[in-house]
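K.L.:
So the chains spell out like this:
There are 4 protein chains.
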Amino acid sequence: MAKVLIVYFSKTGNTGKMAEYVQQGAREAGAETELKDINDTSPEDLLNADGIIMGSPTYYGLPSNEIKELIDESVKFHGKLEGKVGGAFSSAANTGGGNETTIMAIIQALLIHGMVVAGTSKGDHYGPVSIGSPDERVKSQCISLGKRVALLAEKLTC
Amino acid sequence: MAKVLIVYFSKTGNTGKMAEYVQQGAREAGAETELKDINDTSPEDLLNADGIIMGSPTYYGLPSNEIKELIDESVKFHGKLEGKVGGAFSSAANTGGGNETTIMAIIQALLIHGMVVAGTSKGDHYGPVSIGSPDERVKSQCISLGKRVALLAEKLTC
Amino acid sequence: MAKVLIVYFSKTGNTGKMAEYVQQGAREAGAETELKDINDTSPEDLLNADGIIMGSPTYYGLPSNEIKELIDESVKFHGKLEGKVGGAFSSAANTGGGNETTIMAIIQALLIHGMVVAGTSKGDHYGPVSIGSPDERVKSQCISLGKRVALLAEKLTC
Amino acid sequence: MAKVLIVYFSKTGNTGKMAEYVQQGAREAGAETELKDINDTSPEDLLNADGIIMGSPTYYGLPSNEIKELIDESVKFHGKLEGKVGGAFSSAANTGGGNETTIMAIIQALLIHGMVVAGTSKGDHYGPVSIGSPDERVKSQCISLGKRVALLAEKLTC
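Residue numbers (this note's numbering), protein chains in the order written: chain A, -12 to 145; chain B, -12 to 145; chain C, -12 to 145; chain D, -12 to 145.
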């Protein structure tokens, strides 16, 4: 049974809502899940997970500095996250507002940790994007991401 | 009076429609404009323009290979486009489908040519994105891009 | 035994040399490998592989249009590459010349196909970069990429 | 006379050294310059400059969270930086280590502020990259960036 950690920062609640849907997907795929607000998360939490999914609002086309701070602090475990499975999602105020680049920024950080990332051929390819409050489409994309990471983590690390 | 070239590839007509709106914006800002299908465009056309705007559908998160071919061929004028003004736009099948990365890919190529690129603090920050057929929001973003490039080209090259 | 396909475009021979090293790594990890020049590659070849690694020189911060053409043509198998393992590498004329964005561009396309991509915590994180002719450092990065993809493909698809 | 602000974060001194070279270039181009450590910089400082250049070490393929925090806080002036000129540079431990994506991440943020960014057809196209301690090549790239931003800011805002 894979352990999947979902870490998020949310100010308006949109990213937080997405995080819950991602957790739901991971759970449905049989994973043990943990949902953590960035403010309650330490680099140590990353060590204990088989899959790590990070969510952030789109702030200037990049993850919020709270998310970036966790990533920077995780350097103390550089090399220790190798082979774990990663994923990312983002909420944004509008289309073309930097949501994809936010997700790709997180994915880049995860790749630099030596992690494994899977896209999807259906829907939000890099990771789920919500324009404003998450609707049914976004919900299903988030559930799909949770499942994808959980199943891959199960295959790779269990 | 600045000369603005809009080059586009369009299969379904969505990117072509966006291109017309971009042209409208550049014209309204007082530029002399040229709208060219990628199939009628040669690297020489890039030389004669003060502003160059490229539009492509989102194909695997990147501009179509027809657009990329023009970019590759433009190497024969490497250094000659320095200081010209650039811009990019894209149409895509869905949100999160790679539209922003397509626009950023074109912008990267333009920066490598030494060109000058302006974002916008309002709306589609990197460049206009249409999800499916361009609506009123997209139209106004395209017009805004055309104006932005025309005015900047006027300031910088005339 | 996983099948790993290495597809490359090479004009000066640098990317081709890297491709051979990547093949060597995949072979050492026990994979059945195929090394193909882009001019001899069709979308069908992608279907038959468990792991697909693409290499391109850095042309304006992006893969060459020959590589992009294969990617565009692969749309006829959209959804069929889901879950396969991917990787990318690039040679460039100089540091800061667009090599990382070239690799990330390929990775984005592979993610959009629903493929699985692994970074590395050691060395060239997104994929091997050669500045000019590949030296010993580049050789070892290429071998490492070949192994990484082969082992992951073995785990995931066999 | 344009005012150019260079903001940087530096731990090992490499990015700080680059910042000094960038300042030298801006000065040689006739600009009034200010060099500020990120810890002494507030969003208000961005308002007063015609050109803003940000430098960061490469931390997981992105600017350090200190730089990101300034960017996030600058939202209080969203729209007020429109039309200013921007630039970015980064130092990294190794080639392929995320330096280009760090620079592009900063550039994305600047574009979202509606700023104007110029690449260069010579050398480090997106912005200067130092692998380890800055050498003569890096020095000249940094001076070139300083000049580029200063001259463009002079043209656009004075």
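Fair warning: there could be bad hints in the mix.
Which copy? The list can't say, so a pair holds if one copy fits it or any two copies do.
[To be verified] Taking lysine to any residue pairs in the SDA-like style, the calculated list, with each CA pair at most 20 Å apart, reads:
1) K(-2) with F64
2) K63 with S(-3)
3) K63 with K134
4) K(-2) with L34
5) K126 with P30
6) K(-10) with G119
7) K67 with E7
8) K67 with A80
9) K109 with E21
FYI, nobody ran anything at the bench for these hints, they're computed from the structure.
K.L.:
Looking back at the hints listed earlier, which ones does the structure fail to meet?
P.N.:
3, 4, 5, 6, 7 and 9
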